[in-house]
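Trainee: What follows is the residue order along each chain.
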Amino acid sequence: MAAVYTAPVQALIDELGRLPGIGLKSAQRIAFHLLKLPAADVHRLSAAINDAKARVRFCQRCFNVADGEWCPICLDERRDTRVLCVVEESRDIVALERTGEFRGRYHVLLGAMSPLEGIGPEDLKMKELFARLEPEGVTEVILCTNPNTEGEVTALYIARMLRPFGIRVTRIASGLPVGGDLEYADELTLGRALEGRREFATDPAAP
Amino acid sequence: MRRPLYRDRGVVLRTYRLGEADRIVVVLTEQRGKVRAVANGVRKTGSRFGARLEPGSHVQVLMAEGRGLDTISQVEVIDSVAHLVDDLDHLTSALAMLEAADQLTLEGEPNAPLYRMLVGALRTVSQRGGPLVVPAFFWKVLAAEGIRPELDVCVRCGADAPLVAFDMDHGGALCRACRSGAPLGADALGLMRDILDGRLNQALAAPASAATHEVAGHAARAMEHHIERRLRTVAMFERL
Ligand SMILES: [Zn+2]
Ligand SMILES: [Zn+2]
Chain A
514 MAAVYTAPVQ
524 ALIDELGRLP
534 GIGLKSAQRI
544 AFHLLKLPAA
554 DVHRLSAAIN
564 DAKARVRFCQ
574 RCFNVADGEW
584 CPICLDERRD
594 TRVLCVVEES
604 RDIVALERTG
614 EFRGRYHVLL
624 GAMSPLEGIG
634 PEDLKMKELF
644 ARLEPEGVTE
654 VILCTNPNTE
664 GEVTALYIAR
674 MLRPFGIRVT
684 RIASGLPVGG
694 DLEYADELTL
704 GRALEGRREF
714 ATDPAAP
Chain B
2 MRRPLYRDRG
12 VVLRTYRLGE
22 ADRIVVVLTE
32 QRGKVRAVAN
42 GVRKTGSRFG
52 ARLEPGSHVQ
62 VLMAEGRGLD
72 TISQVEVIDS
82 VAHLVDDLDH
92 LTSALAMLEA
102 ADQLTLEGEP
112 NAPLYRMLVG
122 ALRTVSQRGG
132 PLVVPAFFWK
142 VLAAEGIRPE
152 LDVCVRCGAD
162 APLVAFDMDH
172 GGALCRACRS
182 GAPLGADALG
192 LMRDILDGRL
202 NQALAAPASA
212 ATHEVAGHAA
222 RAMEHHIERR
232 LRTVAMFERL
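Chains as they are written, first to last, in the working numbering: chain A, 514 to 720; chain B, 2 to 241.
These are computed hints drawn from the structure, not numbers from a lab. In this text the structure is predicted, and so the values were computed from the model without any measurement. Take the hints with a grain of salt, since some may be wrong.
[To be verified] Straight-line distance between alpha carbons at most 20 Å, and here's what the computed SDA-like set of lysine to any residue pairs gives:
#1 A:K538 with B:V39
#2 B:K141 with B:L241
#3 A:K538 with B:K141
#4 A:K640 with A:V578
#5 A:K640 with B:L241
#6 A:K538 with B:G34
#7 B:K141 with B:A65
#8 A:K640 with B:T72
#9 A:K566 with A:L532
#10 A:K638 with A:R611
#11 A:K538 with B:G42
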């Protein structure tokens, strides 16, 4: 296709189009919206992005977003260190914290396995998860990945890898609509799903 | 203008996120071949589509034709993914077959035999699994595409001698004098003959062994040779 836009406009559209959930049409719409805005508004947006990028980082322990070395949950000494809840993204922690049902710590994988897209365990914070179990005295791992294919394959894989650890492995349960994203579940459903979690990793092939 | 509606059966091969809560769903349909369609709101809690459009679902769909992408208007489940997602081996088997089916097809080219083989193989995985479901699917699909390895005599010299190697560059098994490619064990050769000579159920009942592992390797390499790229799912879980 021949170039339709000048180079700076095309560069902006390309960058926006790389964001999750933004297709070509949306990227074009947002780009032209930005170009129409007063310079001060655009500056505020770019400053907010730069500021967040500079000040927010990932917790050294659980990979939740943090403004220091550790996130607020890891810093909270009242949290139960024996129960670890594994989630795909930081935003899932927000959803689970709203339920008020969980008092343990979290581990954020920063994604889910997607074999069809070539996203495997080594692309996620998987090694870091296994390395936490013994030092923190974890006795139960709750797998709270999304109830869709990527989330299930991730949960099944972690359960298989946890076999030698002899830890209780549970999966967030019923009530969650399969195929949906955790972040869209309301806190009542999510709280019930957390409470009704079921034993996992009961693999018939287990030695 | 109302968009024309059509009804078809198909297997969901994969999905892509689209916008806030929608997905693009790639379906291998019986009549129209591979179709890409939009499922609106599918990621929201309480979506009317729910789990019906996850990879591996076998569904009856009502679709509206679009200029670019079609839109899914109704879905009914024929075979659910419930018994695919409850076991790591089942799920990785299913994903490997979905990936191969996706690579083997182009949009708008009907391939009813592939659709039927995929439905059958996914049902077998759901019901009992087993180490040779995926290799058998690969060999059967390749045979349907006209690629059938020579397993009875040496593919190079035609000798009716013991066959000790397997090389898809030559198109089958090789005798000691002509050998190239990968070594071929007698048990693996027997299982491959079972798969391709009409004793499929016997092959599918074989318990996991070094021979089934070998057959799986030959089948995956042959499929990759045919589609001219690596199968990501196979590479990811081969060492499991
Ligand atoms: Zn933390
Ligand atoms: Zn020979």
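Trainee: Hint numbers the structure violates, sorted upward?
Mentor: 2, 3, 6, 7, 8 and 10
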